[in-house]
Amino acid sequence: MFTFEQLKEKNPELHFDSIDVGGDQAVIVPRDQILAVGLRLKNEFGFVQMIDALGHDRMEKKDRFEVTYNLRNHITKQRIFIKVRCDERDPHVPSLVSVWTGANWHEREAYDMFGILFDGHPDMRRMYLPDDFEYFPLRKDFPLMGIPGSIPLPHHEDADPRFDVANRGE
Amino acid sequence: MALNEELQSEGFITSKLDDLVNWARRNAVWPMPLGISCCAIEMMHFAGPRYDVARFGAEVFRFSPRQSDLLIVAGTVTYKMAKVVRKIYDQMPDPKYVIAMGVCTVSGGIYRTYSVVQGINQFLPVDLYVVGCPPRPDSLLKGLMMIQENIKNDRPIRRGTVIGDHDHPQRPIDIQLHAIEGPAKQIIAHR
Chain A
185 MFTFEQLKEK NPELHFDSID VGGDQAVIVP RDQILAVGLR LKNEFGFVQM IDALGHDRME
245 KKDRFEVTYN LRNHITKQRI FIKVRCDERD PHVPSLVSVW TGANWHEREA YDMFGILFDG
305 HPDMRRMYLP DDFEYFPLRK DFPLMGIPGS IPLPHHEDAD PRFDVANRGE
Chain B
207 MALNEELQSE GFITSKLDDL VNWARRNAVW PMPLGISCCA IEMMHFAGPR YDVARFGAEV
267 FRFSPRQSDL LIVAGTVTYK MAKVVRKIYD QMPDPKYVIA MGVCTVSGGI YRTYSVVQGI
327 NQFLPVDLYV VGCPPRPDSL LKGLMMIQEN IKNDRPIRRG TVIGDHDHPQ RPIDIQLHAI
387 EGPAKQIIAH R
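These protein sequence lines are chains A and B, in that order. So the number in my numbering is just where the residue sits in the first sequence, counting from 1, plus 184. So the number in my numbering is just where the residue sits in the second sequence, counting from 1, plus 206.
It should be emphasised that the hints constitute simulated quantities derived from the structure, not laboratory data. This structure is a prediction, so every number in the text was calculated from the model and none was measured. Incorrect hints may appear among the rest.
Partner residues aside, some chain A positions facing chain B, computed with beta carbon under 10 Å [as the list claims (entries may be wrong)]: (1) P196; (2) H199; (3) F200; (4) I203; (5) G207; (6) L313; (7) P321; (8) L328; (9) G330; (10) I331; (11) S334; (12) P336; (13) L337.
Partial list, derived from the structure: chain B residues whose beta carbon lies under 8 Å from chain A [unchecked claim]: (14) S270; (15) K289; (16) R318; (17) Y320; (18) L330.
Footprint (simulated), chain A over chain B, 3 or more residues, beta carbon under 8 Å [as the list claims (entries may be wrong)]: (19) 281 to 288; (20) 322 to 329.
Even for Gly, the Cβ is constructed at its ideal location relative to N, Cα and C.
Bound conformation, chain A alone (with noise of 0.2 Å):
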């Protein structure tokens, strides 16, 4: 059974807090760590497979945003955790895609919600929203009902106005 305390026995220069995640294990990885940490995790301690990445606003002055990874060992069929945060002013992770090529779309994900710029990463483009708009909506201080005019529609004369989102009061 793998324990973060193995991988830091064996690699002394790595520091980071392990936390208890329902059961299961989690790290919370500085950020110029992070590249190494995944590494030594998938050559040595055989988490071959990454589940799943997801981005996360945490409304906090320091440390808003914070990226998951969720791994998997399939041998001994452990599944850990790792997550790292950056600020908003400076909203750089680096990108893991070089470590598990598929953390390519779900970065791209975390990017078009948060706008969690993945250093390193081969495609940093938006993955659902129009790759001309401006926000991030899933951040918390997005307004559910979105920015009025920010996406435009194709122009329609005979339009309700009671439709509009703008007249909505929402």
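Assemble the complex: chain A is given as a structure, and chain B must be docked to it using the hints.
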């Protein structure tokens, strides 16, 4: 003997050319199925053997807008998709008709979010709203028959007609309000 009676005795009937053309058009409405989410399943039933739209001459679903004259928008239209829907509408030859099928298409439905257009009449002229979540295929049949009726009379359908199942408990109240408030909106209970 009048000319008309003389022709009829010979086995001919007389009519206006407009009536003949309208008869042909209304019995060959070729729909463009824009099934962009779950209402498309009901639209397929509408075309399938049980509800069988072939009885009304509209079974030829054309996946090319150039060959169709009825646009059935069946599903949630996001802002990103709106440009595509409008482009398909613009590619259809006149005269053309638009059915907004399902509450997501009519008013955004349950999706009151930044990404979903709150009613496709913001960017399309809609002829008929078929509400429901999803509407039953017979509601859509009723909508098609109303469009055919208007082709027959050769006058533009009243914009903003609402067809729906008023006993349906899952209908959002929002739609009912919009339907009742609007002066131009005509409500037809289906059952």
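Please check whether Y320 of chain B passes as an interface residue: C-beta within 8 Å of a C-beta belonging to chain A.
3 Å, holds
Does the closest beta carbon of chain B sit nearer than 10 Å to the beta carbon of P336 of chain A?
9 Å, holds
Could you check if P321 of chain A really has its C-beta closer than 10 Å to a C-beta on chain B?
Hint on P321 of chain A: holds, closest Cβ of chain B at ~5 Å, below 10 Å.
Does the closest beta carbon of chain A sit nearer than 8 Å to the beta carbon of K289 of chain B?
With a closest approach of 6 Å, the K289 of chain B hint holds.
Close enough to count: is the Cβ of S270 of chain B nearer than 8 Å to one in chain A?
20 Å, violated
With chain B as the partner, please determine if G207 of chain A meets the hint condition of a C-beta pair closer than 10 Å.
34 Å, violated
Min Cβ distance, F200 of chain A to chain B: is it shorter than 10 Å?
Status violated, d = 36 Å.
Evaluation of the interface hint that places S334 of chain A against chain B, nearest CB under 10 Å
8 Å, holds
Given hint I331 of chain A near chain B, where the shortest CB pair must fall under 10 Å
With Cβ-Cβ at 8 Å, under 10 Å, it holds.
Would you check chain A against the stretch 322 to 329 of chain B, counting CB to CB pairs closer than 8 Å, and say if three or more residues qualify?
holds (count 6)
Proposed interface contact between L313 of chain A and chain B, which counts if any beta carbon pair is under 10 Å:
7 Å, holds
Per the CB criterion, is G330 of chain A less than 10 Å away from chain B?
3 Å, holds
The structure is inconsistent with the numbered hints 1, 2, 3, 4, 5 and 14, although it conforms to all the rest.
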